[in-house]
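**Q** Sequence:
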Amino acid sequence: MVFTAVQKKPGDIMISFIIPAYNEEGVIQSTIVAVMKVGRAIGGSFEVLVVDDNSSDQTGKIAEQCGARVVHVTHRQIAATRNTGAKEAKGDLFVFVDADTLVNEAVVRDAVEAIRGGAIGGGCLFKFDGKVPWLARLTVSLTMLVGRWKTLCGGCFMFVTRKAFEELGGFDEKMYAGEELGLCQGLKRLGPFVLLKRYVTTSGRKVRTYSSLELMWFVIRLLFKGTGMVADRRGLDFWYGTRREDLG
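As numbered in this note's numbering, residues 364 to 611 make up the sequence shown, in order.
Hint data in this document are derived by calculation from the structure and do not stem from the laboratory.
C-beta: ideal position from N, C-alpha, C; glycine also.
Take the hints with a grain of salt, since some may be wrong.
For each label pair, taking beta carbons as the anchor points, the in silico distance ranges come out as [unchecked claim]:
| no. | residue 1 | residue 2 | range |
| --- | --- | --- | --- |
| 1 | K537 | Q392 | 24 to 34 Å |
| 2 | E451 | E530 | 15 to 25 Å |
| 3 | K450 | V475 | 21 to 31 Å |
Work out the full structure, taking the sequences as your base and the hints as a guide.
**A** If you want it as structure tokens, here you go:
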């Protein structure tokens, strides 16, 4: 069962919530429930689409039980997985939500209002759930400052009109990480791109399961190699490696 309004009223913006997922059985239900709650509260037409990228656990099954429409792919590449979601989506507005991120009514309402006001896309900043290492807190704080300055956002919550997304050609599938930054830059060249003042909550499990030394080494490599580092899955264990147990 897909929770999409039966009729679309004149002037209504249909929202497609697109959730890429890989082995997310522990968090996908909470994410979908939060999205469903927001969609119902806002009213109008919406759908929840989960793109299950070759999960070996029960991610897809749980997503279907929660009422999401599930598309199965075998990309193991986040940009391609997001793009598949966009191709399958029926909405006028794409809202990309990471599988471990909890959205709220205020941020989605602001996103819709931004689009009604002439923006073609945007995003927001985020907060981690629970405790995270000091280096992660420092890195995120610096990232937030840069994000505000450059009007850039992370991929845990992004929104873009179908028209702008298709005109730009979607996410760059040459990038195995950081693809959201490329989309931000491209959208800014097309039209108004906004960074909302609201926050979403995303899981801090990845930064909790890596030591401060590992995180520092990753940041150093990224600074020196730049986008060349994310053109290959090798060395990107933070995103593509075996998931470590989160004891936090």
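**Q** Can you let me know if the beta-carbon spacing of K450 and V475 is within 21 to 31 Å?
**A** holds (22 Å)
**Q** Measuring from beta carbon to beta carbon, are E451 and E530 in 15 to 25 Å?
**A** holds (18 Å)
**Q** Tell me if the beta carbons of K537 and Q392 are separated by a distance inside 24 to 34 Å.
**A** holds (33 Å)
Violated hints: none; the structure is consistent with every hint.
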